[in-house]
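Now that you have both chains on their own, put them together as the hints suggest.
For reference, the chains in residue letters:
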Amino acid sequence: MRKVLFAAIAALFCVAGSTAVLAEDPLKVGFVYIGPVGDHGWTYQHNEGRLAVEQAFGDKVQTTFVEFVPEGQDAERVIRQLAVDGHNLIFTTSFGYMNPTIKVAKNFPDVRFEHCSGYKRADNVSTYLARFYEGRYVIGRIAGAVTKSNTVGYIASFPIPEVVRGINAFTLGLRSVNPDAKVKVVWVSTWFDPGKEGDAAKALIDQGADILVQHTDSPAPLQVAEERGVHAFGQASDMAAFGPNAHLSAIVNNWGPYYVARTQAVMDGTWESGDVWDGIADDMIVMAEFNPNSLPADVIADAEATVEGIRSGAIHPFAGPIMDQEGNEVVAAGENLSDGDLLGMGYYVMGVDGSIPN
Amino acid sequence: MAAITTIELVLLTVISAATPLLLAATGELVVERSGVLNLGVEGMMLVGAVSAFIVMLTTGSWALGIVAGAAAGVIMSMLFGVLTLFFLANQVASGLALTLFGIGVSSLLGIPFIGLPIDKLPALDLPLLGDIPILGPLIFGQDFLIYFSVLMIVVVHWFLFRTRSGLILRAVGESHDAAHSIGYSVIKIRFLAVMFGGAMAGLGGAFLSLSYTPMWVEQMTAGRGWIALALVVFATWKPGRVLIGAYLFGSVTILQLHLQGLGVQLPAQILSMLPYLVTILVLVLISRNAARVKLSAPGCLGQIFHPHS
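So the sequences go chain by chain: Z and S.
By my numbering, the letter at position 85 of the first sequence is numbered 242, and the numbering carries on one by one without gaps.
By my numbering, the letter at position 270 of the second sequence is numbered 279, and the numbering carries on one by one without gaps.
A couple of the hints might just be wrong.
[What the hints assert, rightly or not] Output of the computed footprint for chain S on chain Z, the stretches with three or more beta carbons under 8 Å from beta carbons of chain S:
1. 250-259
2. 375-381
[What the hints assert, rightly or not] Just a few of them, taken from the derived set where beta-carbon distance is under 7 Å, the chain S residues facing chain Z:
3. 15
4. 123
5. 227
6. 266
7. 270
8. 272
These are calculated hints, taken from the structure and not from any lab test.
Here the structure is a predicted model, which is why all the values come from computation and not from measurement.
Cβ coordinates follow ideal geometry from the N, Cα and C atoms, glycine included.
Next up, chain S with everything else stripped away, as it sits in the complex (with noise of 0.2 Å):
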């Protein structure tokens, strides 16, 4: 018993490890789906987890803080979305001065906040469910961004192949000029979707600083919103292998620490690259046409539209 104890503590764990990791990746992996690329998921998380923070301790409610952390994440991409579907900036210098730019502001935002212990969010208390012994606590006694995570994985999947919207956004990202040709509005498809990834960035950043460490500390984020980016390439643009991608790596970095704990040694920098390491692999992969095809990399990712060429 004290041995199945044990494993529900860590599947626990994993599960929180892996959820903010998921909120973000699910958001990029349709953003970039669409054809943009945007690499200011860590600012807008960061952002997203300062707002998130900001209002649940001055109004108490959890459902406006997290509102607020997906609306903030909105107001982030939107940013990006006019600087590099309107003004036709660079993508991938916009998306790196959208993490620079949310550092500092979350930093602004929440110095009167350091140091200010919240609750945590609490858990969904689904009565006789949560009591079933093992499987209680795992699959009924999480809170309400947790299930949330996991249903937009189903959600996103169900839109993207089985909706015509779905298809239209998949055909933007594919080919923007064919898309445009066939008279579908290629800028605003993109910005609703950069707005989609915004709010799931806000979403995570909002687990972070209130339930997974119900605090606020400067750059709190701790490099995830990068994780995320990188799990989204590792899942080849799947949200199934997303999830997967996600629960694999929280499982790594909670394993990792147990295993130090029981005195065994394992090289935790390896551990902490393999996500990186597969990103990397996956990267020259599609380097190669036919791969691309086969991995579903979109065929417009990051390149800039120019409506009337």
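Isolated chain Z (complex conformation) (with noise of 0.2 Å):
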């Protein structure tokens, strides 16, 4: 089995390959997908990303994917043979490939890597990541204006702070507008599963939300939202063919900007290592459009203006007072939550109902 599997890698690896022989010398880009190009979600919107960089460049690149690699000793065979397949520029697109990287990028120092949404670094190893918290600030106060039952229903993946974080900017986004509405939040043990994000859509609509907000990929909340009448927003990527009416928005990742750059730079000779945690105002997020049918002009004005704060720093969505929720003040007035204390948050702010699972 073992050898059969192996067989098929390098077999793999050899079509991926055969195709380089064709252009000139082209500078070789690899990426390291977790999941399927088709979730419509994370690793579509990633490899929208690498169509970007063939765009930007055409023959002057070579772009190869490895989609639904498994964190851990897979994904460290993976990244190897990318880099002795002679690709000079490797974008890892999960946090479990943080550690491969690294170990991989040690026998490469010629190789350069990018790893997404990890903490450690090296010469040749980079790190970047988007600040989705902001766009889910802007969905937050659109929601305040829209909720007529004050009480949104938020589809949650797994508790860790890059989740929570999202839960609080949205909390914080809503009250800002709306400070008698409430998050519920189901939690689904999931990033990936259709009919339990359906389902759980379903139960969060059953007790009375009117407004769904999801941190899971697929859109089968959406499509709930449509067919009950309420509204949602999507995840990722614009998802408004799921649901025409009920799509408010959504909270796009756009690597594309970030991509091209860096493979730019690779050509150029003027690459460093560095950690890039940009957002609305470098356009690595951006917001899917607001939906004339469904929101009201001044609604879209609001948020308009929220976005165009965001990205001018007039508005962090993290500023003070934020009270936790027994009351706590945990950032006084005037004062902005740190980027260190964003990324290891762990606890709710006033508004979110229940607790966080441990």
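Structure below.
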């Protein structure tokens, strides 16, 4: 079984490798994905970034991707294989690829590595992540203006700081326009299970939520929202097709500009290791269209103003005063929560129902 | 009244959560009763789901979509049948390979269809009856596949325990040598059972992509094929218990989500483990011979049949 698998993987790389001979000495850029490119969410958006690189450089680049790579030992093998095959720049796009990336990078000092969402760096390993929470603050303000039941349903994946930060940013946005509104969170313990996400959506609607937000990857909750006549926001990519009336907007992960810039830097010989955490200001986070059929003009205007405010720095989603659930002040008026505190966030702000599962 | 409406909505969700499991598990039950263990349910469901979706989207016909889902499942299962019954390949390995193959094929076929929405499989419109308060929408407001899934439990039970053909199928599963020696074609009977299993798994997939979450995304089964496999053992190879098991599992999943929304914290992971725990328990029990007979595990389950030995 192991041998067969190995042969299959080897064959795969032969196919990937054979196409490389055609172009004249292009820069080879590799991508490692956790999910299928067809997930219509996280991996799909990374792949859009890869396509942007191809579009920008044409024959001058040669891109390769390997999808469905489990985190851990397999990841190391795949990353190493890409490096051996002569890739000059390799993007590894899931948190669990952190250690394998660092390990392989040690053996290939001339290859540049870009790891998404990690915190370990090296001379030839950069890290990058998007400030998704900025987008969540914007949709929070929209939800606050639109909700009639003052209850928002939030479908969450796993209780990690990234997800908790999203819930809090959303809640702060929500209550900045509607202090009576509250957020009900349901944890589904998966990033991707359309059926379960849809069921969670139904449960939340049955309990009075008239707006749904999700931090899982499939468009199922949006579809349920459309069917039940409530509103929802897309995740990671524009999901309007699944609920033309329900879809109010979506936070779109826009990796293209960063991938193009980093590829250019390798070509120019200016690439340096660094840590990037970009958001709306750098277009790494883009808002999908604010649905003009479902949103009043003044709400759209406010959402656009919020986006501009975040872009200019006038608005910080985690600006004080911020209270936790017990009413203790965690951020004083006039202060903003630091990036360090944001990265390790492990509590709910006031306005979120329930408690974080451990 | 509000409480009743909520309960009704919860029950509706439970029914749709249970149906894909029920369809696939019913098929696998018949396959295992004939002595074959097909671990490829997940792969067959995926190919069924993508085929049903593609055909529905291109022809606009629900009926053709459903038929395509079943047909795709049958084709997948025939691959497995040929490998294990004619070439005597190991059933466990072939089944696992079938799942891996199904994941790949469904992803490939589905590439042009990602992100295209369709309407939901409509409920069969039963005038009058559907208007009965509470019970109406629950019992008379469902779509074809939901009725079909329950009907098939009755049919399979009747077939296995009330017909001569069913008796022969069970005999083949209990002792293929004995069945062979009195003149029954073990291979033919098993092949037909495997095809039935494929059709039902394909329908389970079709239910996912046409009704439960009407769309195509890669790997949308998200492990339901494995749960269906577990349910067959959980049910100790009895159709009625498959029905109970599927609905029990559906209820646990849905109730857990509702309880969270109400602020009750339950360890979700433990609840999701439940069907597998029971499966392991049953597997441990049947490793004792006496219990094996009592729990009605087919005697030749997973064993290769050599026709001339």
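Return the status of the interface hint for residue 123 of chain S: holds when the least beta-carbon distance to chain Z is below 7 Å, violated otherwise. Status holds, d = 5 Å.
Does residue 266 of chain S pass the interface check with chain Z, least Cβ-Cβ distance below 7 Å? Hint on residue 266 of chain S: holds, closest Cβ of chain Z at ~4 Å, below 7 Å.
Verify the interface restraint on residue 272 of chain S: the C-beta must sit less than 7 Å from at least one C-beta of chain Z. For residue 272 of chain S, the interface hint holds, since the closest Cβ of chain Z sits about 5 Å away, which is under 7 Å.
Interface restraint verdict for residue 270 of chain S against chain Z (beta-carbon cut-off 7 Å): Holds. Min distance 4 Å.
Evaluation of the interface hint that places residue 15 of chain S against chain Z, nearest CB under 7 Å: holds, 6 Å
Given residue 227 of chain S as an interface hint, is its Cβ closer than 7 Å to any Cβ of chain Z? Check passed: Cβ of residue 227 of chain S comes within 4 Å of chain Z, closer than 7 Å.
Three or more residues of the stretch 250-259 of chain Z near chain S by CB distance under 8 Å? violated (count 0)
Quick one: see if chain S covers the stretch 375-381 of chain Z, three-plus residues with Cβ-Cβ under 8 Å. As far as the stretch 375-381 of chain Z goes, the hint holds, because 4 residues have Cβ atoms under 8 Å from chain S.
Hint compliance for this structure: hint 1 is the single one not met.
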